[in-house]
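Enquirer: So you can see what is in the structure, the chains are spelled out below.
Number of protein chains: 2
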Amino acid sequence: MEKPYVVGIDIGGQTSKIGVVDARGNVLVQTAIRSDNHTEAIPFIDDLSKAVVDLVNQVSSMDHIRGIGIGAPNANYYNGKIYKAVNLKWAKDDEIPFAAYLSERLGVPVVLTNDANAAAMGEMTYGAARGMRNFIMITLGTGVGSGIVINGEVVYGYDGFAGELGHVTVVRENGRLCGCGRKGCLEAYASATGVARTAKEILESTNRDSLLRELPVDKIASKDVYEAAVKGDEVAKEIFEYTGKILGQACADFVAFSAPEAIVMFGGLTRAGDFIMKPTIDNLNESVFPHWRNKVKVIKSDLKESDAAILGASALAW
Amino acid sequence: MEKPYVVGIDIGGQTSKIGVVDARGNVLVQTAIRSDNHTEAIPFIDDLSKAVVDLVNQVSSMDHIRGIGIGAPNANYYNGKIYKAVNLKWAKDDEIPFAAYLSERLGVPVVLTNDANAAAMGEMTYGAARGMRNFIMITLGTGVGSGIVINGEVVYGYDGFAGELGHVTVVRENGRLCGCGRKGCLEAYASATGVARTAKEILESTNRDSLLRELPVDKIASKDVYEAAVKGDEVAKEIFEYTGKILGQACADFVAFSAPEAIVMFGGLTRAGDFIMKPTIDNLNESVFPHWRNKVKVIKSDLKESDAAILGASALAW
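In the order they appear, the protein sequences are chains D and H. First residue of the first sequence? That's 223 in the numbering used here, and the numbers climb one at a time after it. First residue of the second sequence? That's 223 in the numbering used here, and the numbers climb one at a time after it.
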């Protein structure tokens, strides 16, 4: 193969991770640059270009790079732009053709998409969804993202922004306020932040004993809830059951939409293992249209978490 | 064009409509046979074959037929079978390769899919969605069906049954029992039957004056509610507002999934015009993820209702 490698770039609010990846999904080398020290896009792209070339030269040369894939918040696959991304100061308008500019600088094709779509590509290319042509990727991190694959292709929709499953309504009456301004979004319940909110709600509205009471209620993170659950704490287990109930019911509706072979879960919350997965699966099967009961796989990503973002982005470039 | 025509067949519980259609969407001739006088599939397919040949011979010959498209309940596009369709006695098992058998009998390709997917194909080929590559078709009849089009193709999913949007959950607490056995399905609210149930609920739980009280409460149909609304009846208008609220909120979630250019409404309930469309559109825009507010078109089918089922089925055959 003349061009045996691709570059994957995961642009986050503070740092951007860059890796050189081979066809088997090995991250040969990786590095990171800051994403938060520019207020304009062009200087950031210049920094990024330089870092890519330096990294590639450690193992090969740009001549052997087939393409570059980028995952970034609010990235638009159709026009190759990143804009209105609240955590990226330099992504403030839609004037900069990010992908085209970087491609011109480096002489290789550049494709970009949002983080969750990149994760779906990574899962399909190297991970738990290898060989699947219809699945839904749900990322359970600070927020809830999604990447939907139908007939082997990521769904972008009419405007490039399809797959905002963190913002379907799961609680219609008195739902929690979400960061997007709506109420009752899945993201307000099934994210790490959502788990912390559930913990606070249960602890403040009851007198039940719990190991979680050893922490200030506003400092409880989903990791603390997991650790308490491992120790057998009933309140902690109930927090995950409630989260899984809401997530499973939402997934039942997603199944009615695209009849996927599997739903693949990724992100911090999945570290809670069966505490979150079991109620999710049980509630999905209880809620789903009878035709699909016990037929749709619900699985965890099997990509190494530290590599997953780079791998996902890189998968775009093949 | 050597083969300028297609045949569209709409298989319903009582009758099956057959039409010969040209490339512009003109139904040149049509006929119907009974679907309910057989308990086995093969004799029904034999009747159907004969009716198709007789009809085609009125305007042309089978040599000029490019293909046959069929819309039928529980039809599977992938394997060409119709099974477990509750209203079709002969469709009781999955043994009969319906499409393959009919194709062999008539010597032309045969494709089948469910009614709502056929309607989506019809809308895309001849109707309100011409030129669109991303839209969602919602059929509001006795039940609620849907056909989802992404990148110009109907979504069938892993098993061929994608697009059961009538069976997403819209009311999670004390939802109405749906024919599918679940509770709170969209179909239990936004169908003609759902409108009748809403009417009964409001009339029985209040003492409000309404023209609808002239009818026995169990006999009220959605048509009666429409006629009362036209006369200015406040209860009737409120019934449609409630229906549109639930439908619009559900559509907001569908938009978050596939970011369609438009949602196209078809079927009996759309005859209520603005009484149903306005609250649907208002609630969609109020509920939807802010990015899509006032951006997604919500339109009515513009196919003639009497031809629509045949046209939809025929569109599969091009």
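No wet-lab data here; the hints were simulated from the structure. Just so you know, these numbers come straight off a predicted model, no measurement behind them. Just to be clear, a hint being listed does not mean it is correct.
Identical copies look the same in the list; a pair holds intra-copy or inter-copy alike.
Unchecked claim - List time: in silico BS3-like cross-link candidates among lysine-lysine, alpha-carbon distance up to 27 angstroms:
no., residue 1, residue 2
1, Lys517, Lys314
2, Lys225, Lys441
3, Lys467, Lys314
4, Lys311, Lys445
5, Lys517, Lys441
6, Lys225, Lys445
7, Lys225, Lys459
8, Lys453, Lys500
9, Lys519, Lys467
10, Lys453, Lys272
11, Lys441, Lys519
12, Lys453, Lys526
13, Lys441, Lys314
14, Lys517, Lys405
15, Lys441, Lys272
Enquirer: For this structure, which hints from the list above don't hold up?
Expert: Per hint list: 2, 3, 4, 5, 6, 7, 10, 11, 13, 15 violated.
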